[in-house]
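K.L.:
Sequence:
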Amino acid sequence: MTIKNSILRNVQPTHPGEMLREDFMPDFRLTPTTLAKALCVSRQTVSELLHERRAISPAMALRLAKLFGNTPDFWLNAQRAVDLWKTREIYRNELLNIHPLKAVGLHKFAPSPGT
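Number 92 in our numbering belongs to position 92 of the sequence shown; there are no gaps in the numbering.
Please keep in mind that the hints were generated in silico from the structure rather than gathered at the bench. What you are looking at is a predicted structure, and each value in this text was computed from that prediction instead of being measured. Glycine is no exception: its CB is placed at the ideal position from the N, C-alpha and C atoms. Check the hints yourself; a few may be wrong.
Stated by the list, open to error - Just the calculated beta-carbon pair ranges, DEER-fashion: (1) Lys102 - Arg43: 44 to 54 Å; (2) Glu48 - Asp27: 19 to 29 Å; (3) Thr71 - Glu48: 14 to 24 Å; (4) Cys40 - Lys102: 42 to 52 Å; (5) Thr45 - Asp23: 11 to 21 Å; (6) Ala38 - Leu101: 41 to 51 Å.
Based on the provided sequences and hints, a complete structural model is requested.
P.N.:
Dropping the structure here:
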């Protein structure tokens, strides 16, 4: 399932830390320590990422992309999908009260004549 599809289907997207832990690290036979050394970051940073307690930053996305031969956008898009899904869950009730302008009529939000 793509990141976009998981958001549209209201399924929590996979955290980039889980991707690293379940897919990339086993494929490349990396341990948290060897991954930390390869990325030139602390083992604690890697541990927090693998346990999904840390988000992918632009700097980390650049490091991961260089190491694994993919793009920073791959990592940032995965993180963005997780962040957006979590935020949508937090604001779910508030968002129910916001309606597209086409549905409510643009005239309700147009400035009054002479203002």
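K.L.:
When the structure is checked against the list of hints, which entries are broken? Sort them ascending.
P.N.:
none
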